[in-house]
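Put chains B and C on the given structure of chain A with help from the hints.
Residue strings, one per chain:
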Amino acid sequence: MSGYAQGRRLAEGSEAMAEAALLAGCRFFAGYPMTPFTELLEQFARRLPEVGGTCINAESEIEAVGMAWGAAATGARAATGSTGQGLALMQESLSELTRAELPLVLFNMARGQGDYFQATRGGGHGDYRHIVLAPMDGREAVELTQGAFDLAERWRNPVLVYGDYLLAHTAEAVDLVPLDLPALPPREWAVDGSLGGSGRARNVNPLGMRKGQKGIDPERFWKRLQAKHDAIQAAEARHVAEQTRDADLLVVAFGSLARFARHAVRRLRAEGRRVGFFRPVTLWPFPAEALARCCRDDARVAVLEQNAGQMIDDVRLAVAGRVPVVSIGGISSDEAAFGIGPIYDPEEVHSRVASVLEPSP
Amino acid sequence: MSRPVIRSDRPPRAPARKTGTFLPALQLGADHDLCPGCGEPLALRSLLEAIDDLGAAERTIGVVGIGCYTALTPLIDLDLIQALHGRAPSVATGAKRMLPDALLFTLQGDGDMLNEGLQEVIHTAARGEAITCVLLNNGVFGETGGHMTAATVLGQRTKNTLAGRDAAQHGYPIRIADMLAGLEGSAYVARASVHDAAGVARTKRMLRKAFETQLARKGFSFVEILTMCPTGWFVPTADGPGYLDEVLQPVYPMGELKASE
Amino acid sequence: MSGLASRGSVHIDSERCKGCALCIPACPPGVLRMTEGVGARSLAFPELLAGCTGCGACLLVCPDFCFEVYRYDTPVPYELLP
Chain A
7 MSGYAQGRRL AEGSEAMAEA ALLAGCRFFA GYPMTPFTEL LEQFARRLPE
57 VGGTCINAES EIEAVGMAWG AAATGARAAT GSTGQGLALM QESLSELTRA
107 ELPLVLFNMA RGQGDYFQAT RGGGHGDYRH IVLAPMDGRE AVELTQGAFD
157 LAERWRNPVL VYGDYLLAHT AEAVDLVPLD LPALPPREWA VDGSLGGSGR
207 ARNVNPLGMR KGQKGIDPER FWKRLQAKHD AIQAAEARHV AEQTRDADLL
257 VVAFGSLARF ARHAVRRLRA EGRRVGFFRP VTLWPFPAEA LARCCRDDAR
307 VAVLEQNAGQ MIDDVRLAVA GRVPVVSIGG ISSDEAAFGI GPIYDPEEVH
357 SRVASVLEPS P
Chain B
331 MSRPVIRSDR PPRAPARKTG TFLPALQLGA DHDLCPGCGE PLALRSLLEA
381 IDDLGAAERT IGVVGIGCYT ALTPLIDLDL IQALHGRAPS VATGAKRMLP
431 DALLFTLQGD GDMLNEGLQE VIHTAARGEA ITCVLLNNGV FGETGGHMTA
481 ATVLGQRTKN TLAGRDAAQH GYPIRIADML AGLEGSAYVA RASVHDAAGV
531 ARTKRMLRKA FETQLARKGF SFVEILTMCP TGWFVPTADG PGYLDEVLQP
581 VYPMGELKAS E
Chain C
111 MSGLASRGSV HIDSERCKGC ALCIPACPPG VLRMTEGVGA RSLAFPELLA
161 GCTGCGACLL VCPDFCFEVY RYDTPVPYEL LP
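Chains as they are written, first to last, in my numbering: chain A, 7 to 367; chain B, 331 to 591; chain C, 111 to 192.
Just chain A, with the same shape it has in the complex (with noise of 0.2 Å):
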């Protein structure tokens, strides 16, 4: 039974993710296949039975993230994960384990930046809010990954990890060494049947039913949830952000495309330009204060996003109607559909910047 592999390699995304979640003890993975998320799951189905873990091959998404989160209730670390359709399934379930207060880690390997919307907002029913990270490279994806399961099991909350087609396909160094995390409490959460017949036995449910107890009370218990994920909101936030203090224009990505947009950023002040790059880690919470922060009065904003616009939405909330901001981004997509396109392209990136740069004096 091979054990983890540590150290640097070179590795493709997906490989990498994997890898990284059995360092963070990830036991159960359920999934199914869909491009671009599908190696993924290849990964865990070859590896966790390696380290003592379970791969299940779901008949569904649906099933799948039902299956993970069994596994959660009993204090196991899981996971699960799809492309931007398949999370659509799967949407129910996230919502009302996310009242459940399951830790769970949720993998999109999205088709683009289209889903944005779909991570931040969630597209379940009712108040619910997941912690959602957005790796920029592999050597990020390893440490967001770690993270993740983390900030999943601290919060008692589900955690998204976003990745793409670039991501999942690209191999590059990693360093696949467990991240040093402070002791988490005891998971007197979780079920494992030794409370059966003793008066005290749990229910974990998304309603706040307890034992003994006729009806629920469903005002205290989303109130109380929604205190939770305010107090996440104030302390999870975190952003990347480069020569900010005096830049005329502030250049905003994430992910994958933020690579594209950084490399521009640096190239352009180069060149003596003044402009800034800010990079959102977490896209919920976003990181609204520092990003309004890091912006001049007298600055312009230019978010790049491959979509039709969803994370301007939050730039604009961010910075509250003080500053202007432009889109140079869009929709962009070859002909495979699966989330590349023209626009993750250096030139493309940099024209697009300079052309809503000030003409220089």
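Treat the hints with care, as some may be off.
Here are the simulated lysine-lysine pairs, DSBU-like style, with alpha carbons at most 35 Å apart [to be verified]:
no., chain 1, residue 1, chain 2, residue 2
1, C, K128, A, K217
2, B, K548, A, K217
3, B, K588, A, K220
4, A, K217, B, K348
5, B, K489, A, K220
One-sided excerpt, in silico: chain C residues whose CB lies under 8 Å from chain B [claimed, not checked]:
no., residue
6, D123
7, G129
8, C130
9, A131
10, E157
11, L158
12, L159
13, A160
14, A167
15, L169
16, F175
17, Y180
18, Y182
19, Y188
20, P192
Label pairs and their calculated CB-CB ranges [claimed, not checked]:
no., chain 1, residue 1, chain 2, residue 2, range
21, A, E56, B, I504, 34 to 44 Å
22, B, R343, C, S152, 26 to 36 Å
23, B, D383, C, A115, 23 to 33 Å
24, C, L190, B, A360, 38 to 48 Å
25, B, K348, C, A115, 38 to 48 Å
What the hints contain is simulated information worked out from the structure, not anything from laboratory work.
Beta carbons are placed, not taken as given, at the ideal position from N, Cα and C, and that holds for glycine.
Quick look at chains B and C alone, frame taken from chain A:
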């Protein structure tokens, strides 16, 4: 001679042995708002007694679907996971894979298991998951007020088949036990009923056998329990057992459909 | 003396009873009958007649857990039943 009326509002005074308690050992109370004449509490009693007889309470996890029976969960002194409508088998699968020595059962109505969740129970059986799925079959979606499910029999009147289920309009019922018995992953498949005392006793025996099959790691086990729903059937409570016997039993006969050695 | 005796008895929680009457036909010796009047819930509930055998069928079929069942150590003649 006509029989005298005996006081029954307290235990008897003459020396006697108690042979039956109000509640099974694993039930926390009796206060529930299910309809008069509902068969589901009878199935619950059989289930809890079977688990208690096996001494398995401290290793049991129940995964409960959504239906009238969901309201019984506060009374169950077992570790439970509440699942969504139709989704208990997948949840039970995930839990069982992480805790292979636990006794896992699902508790689902016919609307839950055969409409929303048909795919889940079939695949769970096909995979031979060592869990026990328990179907409470009253031929209606009880909780929404009594509507047609995949188990509603031809001619049965429900709120959305007021003229009686008609094959031309609504198709035919699905006999899930027969389908599951045909899958190699199934090790024990049985059908029980709680319309009379003998049926209740047989229900408990079948549940016990199903749990034993699971604990012996032989594969998937399944017990369908026909229950009365006088409200959904538009009959007086006292006519519930007769309706079950005359209308549902012919389509869903009792017995063991599959039992592995 | 009638020579008839009861071998068992029941304790009925009539306040919990919802009046469904499933116990009546379930009783093999037929010693349960619904009251003429109504009880705490404005519903009729079962009353016990002499001749109970303590078989427990009523307990098995009651959806509201209203029965506790007893077997006398020695059968009690009808005349001596309370």
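Taking the hints in turn, this is what the structure says about them:
{"no.": "1", "hint": "K128/C - K217/A", "result": "holds, 23 Å"}
{"no.": "2", "hint": "K548/B - K217/A", "result": "holds, 32 Å"}
{"no.": "3", "hint": "K588/B - K220/A", "result": "violated, 38 Å"}
{"no.": "4", "hint": "K217/A - K348/B", "result": "holds, 27 Å"}
{"no.": "5", "hint": "K489/B - K220/A", "result": "holds, 28 Å"}
{"no.": "6", "hint": "D123", "result": "holds, 7 Å"}
{"no.": "7", "hint": "G129", "result": "holds, 6 Å"}
{"no.": "8", "hint": "C130", "result": "holds, 4 Å"}
{"no.": "9", "hint": "A131", "result": "holds, 5 Å"}
{"no.": "10", "hint": "E157", "result": "holds, 6 Å"}
{"no.": "11", "hint": "L158", "result": "holds, 4 Å"}
{"no.": "12", "hint": "L159", "result": "holds, 4 Å"}
{"no.": "13", "hint": "A160", "result": "holds, 4 Å"}
{"no.": "14", "hint": "A167", "result": "holds, 4 Å"}
{"no.": "15", "hint": "L169", "result": "holds, 4 Å"}
{"no.": "16", "hint": "F175", "result": "holds, 4 Å"}
{"no.": "17", "hint": "Y180", "result": "holds, 4 Å"}
{"no.": "18", "hint": "Y182", "result": "holds, 5 Å"}
{"no.": "19", "hint": "Y188", "result": "holds, 6 Å"}
{"no.": "20", "hint": "P192", "result": "holds, 5 Å"}
{"no.": "21", "hint": "E56/A - I504/B: 34 to 44 Å", "result": "holds, 40 Å"}
{"no.": "22", "hint": "R343/B - S152/C: 26 to 36 Å", "result": "holds, 30 Å"}
{"no.": "23", "hint": "D383/B - A115/C: 23 to 33 Å", "result": "holds, 32 Å"}
{"no.": "24", "hint": "L190/C - A360/B: 38 to 48 Å", "result": "violated, 31 Å"}
{"no.": "25", "hint": "K348/B - A115/C: 38 to 48 Å", "result": "violated, 19 Å"}
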